[in-house]
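Novice: Spelled out, the chains give:
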Amino acid sequence: MQLQSTYIRDTFLLTALLLIMAGCKKKDYELPVPKDVLQNDCIKRTQGPNIVGQTIEFAYAMAILAEKGKLVSAHVEATIDGAAGTWMENKSYYTNNSGVDVGITVGSTSVTTKNITTVSFSKDTNAATLRYYYIIPDAARGQSVSFTFSAESSNGETVSYKMGPYTIAKMDMKRNIAVSDGNLAYISIADMTAYNATDAAAKAGSIDLVYLYRNLTTSAFNHALVSPAADAQYLPGITLPGGVNRSTNERKAFNLQDYNLAQLQYGIYIDDLDFQQLNMSNEPNYAINLKQEAGVWVETADHKYRAYIYFNSANNTSKSAVLSIKRYAM
Amino acid sequence: MKHLIIISALIMLSATACKKDYPVDDDGLLITPRAECYVSNFELLGADYVTVLTKSPVIDTTAQTVNVTVQFGTDLKNLFPQFTLATDCKLDPKIVGKVDFSDLANPKQYTVISGNRQIQKTYKVLITVQPR
Chain A
1 MQLQSTYIRD TFLLTALLLI MAGCKKKDYE LPVPKDVLQN DCIKRTQGPN
51 IVGQTIEFAY AMAILAEKGK LVSAHVEATI DGAAGTWMEN KSYYTNNSGV
101 DVGITVGSTS VTTKNITTVS FSKDTNAATL RYYYIIPDAA RGQSVSFTFS
151 AESSNGETVS YKMGPYTIAK MDMKRNIAVS DGNLAYISIA DMTAYNATDA
201 AAKAGSIDLV YLYRNLTTSA FNHALVSPAA DAQYLPGITL PGGVNRSTNE
251 RKAFNLQDYN LAQLQYGIYI DDLDFQQLNM SNEPNYAINL KQEAGVWVET
301 ADHKYRAYIY FNSANNTSKS AVLSIKRYAM
Chain B
1 MKHLIIISAL IMLSATACKK DYPVDDDGLL ITPRAECYVS NFELLGADYV
51 TVLTKSPVID TTAQTVNVTV QFGTDLKNLF PQFTLATDCK LDPKIVGKVD
101 FSDLANPKQY TVISGNRQIQ KTYKVLITVQ PR
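Taken in sequence, the protein lines are chains A and B. Residue numbers for the first sequence follow UniProt numbering, beginning at 1 and rising by one. Residue numbers for the second sequence follow UniProt numbering, beginning at 1 and rising by one.
No lab work stands behind these hints, which were simulated from the structure alone. There may be inaccurate statements among the hints.
For lysine-lysine, the following DSS-like pairs were computed, each having C-alpha atoms within a straight-line distance of at most 25 Å [claimed, not checked]:
1. K44(A) to K174(A)
2. K55(B) to K77(B)
3. K291(A) to K98(B)
4. K124(B) to K108(B)
5. K291(A) to K55(B)
6. K108(B) to K121(B)
7. K170(A) to K114(A)
8. K291(A) to K77(B)
9. K124(B) to K90(B)
Example chain B residues on the side facing chain A (calculated, C-beta under 10 Å, incomplete) [said to hold, decoys possible]:
10. G46
11. D48
12. V50
13. Q71
14. F72
15. G73
16. K77
17. N78
18. K98
19. D100
20. Q130
21. R132
For every residue, glycine included, the Cβ atom is placed at its ideal position computed from N, Cα and C.
Here chain B stands alone, though its shape is the one from the complex (with noise of 0.2 Å):
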């Protein structure tokens, strides 16, 4: 009976010696050492879920802004963003369903937030829509 209590110790002893506290943000995500900080690529899909955008998109990183242009025929008011972010990084607002990017003169504006969570860039989608 002894030796049971002595090895059950042990083993409960040996478990939380290798949990590690991790730490997380409002959104449970881990909070790592990263500083980077930046968008590396974005993608616009219309209703159908087909990408609406004529070529690649431009991203400045020092401007922080995302030019792209869309087929003529493109309905702006229900388009869904995707951002591809540098590694553990996370974006602000986050993107739940259909965005309307419609209002061209005032273009949405996207944080990205680095994986320290320490460095926010606020990036804004400037929409060209292609002539007829």
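In isolation and in its complexed conformation, chain A is listed as follows (with noise of 0.2 Å):
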């Protein structure tokens, strides 16, 4: 029994020892031995919805060690073509001691034909990031588009990278639409547009909103954005044109400042989410005492449409504003 229980202690011993010196081993530093084959590598640096007319951008790096080849071309193929202005740079850019990132040409102007860009280098180049930039068409509207960046070596190496797919938004944007008192006073949401009284008769059918703005000292009205069918109190020396008699029902936002739409550096996107799931049914036909960086939710008379229409800045003493307006049709 004796002997037994020495020898369990024995062996306990020699495993503790044993660990201890596992634990104390070094690993020696081993450089890493790079690929010796053409790689890549791609980031989506646009955040948010996709939105007709805006631009999704990303950064598509290449490399290939400098004894294997030099890089020849890079190409992107989008699965629905690209809007005009769709292209890829043909710098690669550093960063310099001033934090400014500087470019630096390595290949020709790039060439988008259909839904393929492609940029050709024309410098020893072994490793380069270049940037793409999709304008989003109107055919990608509520549908999904992918995008295949390849590039290929000298060696005949060719690499490539999926990224998607990416879900493009059915909302439409306009942004900083210039309104003013007794001017440019009409909104039209159909249209995107801010019309002035005569204009506005013409278009009778299609005004849903009046801008106005009223220092009155007895009470807070300001900036206002007045549905032409409210009652007479919240249009105070407002004559409408002629058959504009709209009921647009709006409904008072604040600390809502959407990215696309404030250009602030608030990280918040009203997606098409947002404008499904509203329920604007029992909101009132105005919204009175707006400031800038505040917004209104609207849905339209004949529920065509809902939006969110957001200040960026708005002027006491000129009466005015500019707004931008995200808008779903429904």
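Taking the hints as your guide, dock the two standalone chains into a single complex.
Specialist: Quick look at the structure:
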């Protein structure tokens, strides 16, 4: 019995010693061996919903060992033809000591033929990151689009990288619409445009809102978006053009600085889903006391459109404002 | 083995000895000895979660009324009321979302229930809309 316990104790001590020794062992650093084939990688740089007319930006990186060859060309193939303006950078960038990205031309200007964009390298380059800008076409609205990035090297190797699919939003967007009290005051959601009284009379059936500014001493009226059909007390001093009489449901919003509309630092995005889930049935047909960075959800009288109107700026002196709209066709 | 059983029994005993049965109401809220029962503050937010009040509310704990003046153009159908109550009190009905205050002739009523759940006081929320 005594012998057995001594044996167990010694075994335990030996195991502990071995463990300690193994724990102290240091692995020698080994220099990583680069892959000797053409390689590539890609990231999507833009965030938020993909809106028709806007850009999806990618950064496509490709590299090959110098002794193996050099880069010959880079291609991008989209499943849906990009709109006019789709292109790929022919410059590879580095960041200088001042933190500024400096571009070095490494290839010819990109050529886009239908859904394929190509850059041919004109300098001896064995590593480059090129940016690709896909302008979302109207044909892609509500659909998915995918991209295949590929690179070719002088030793005949090719490599490719798939990105997507990305859903293209159904909504539309229009930014920086100038409105002014008494002039460009009649807003059409269908046209996403502000008209003056004369033009509004000609388009009476599509005028959804009236912009006005009133500086009242007794109440906070300020900047307002009011339906033509709203109670007259919300349209003081306004004589509506003939036939302008629609009633648009509205809901005020604050602290909803959509990134696409506001172009500010806030990472908030209004997407199709927000419009789909919006219930505007019990809302008023006016919104007063609006200010810069405020917004209004609206639904047109014919229920054809839902929209979010954002105040980029509001000027009390000139009685004017700059609006941006995201609009979803129901 | 015998010792182990005794120690376990002692631990269990000491654990159960610390447990005290606190009374809770239907909402799972603690019933306390407090008899205070009043509204100490009131706030009213619009659909944009920004206050619609033009000045501080007037709370009359004797008449059991909350008098507020809201901005001209306030959408009275879609408001979020916020009550601040005396310690341990609760409110009935509960506020679970937007409240329609548009029927000014029949003000909304809310009952404050004290911490001991013995006292109930019903407050009326009287709204005045600021003129243009």
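Novice: Can you name, in rising order, the numbers of the hints this structure does not satisfy?
Specialist: The structure conflicts with no hint, since it agrees with every one listed earlier.
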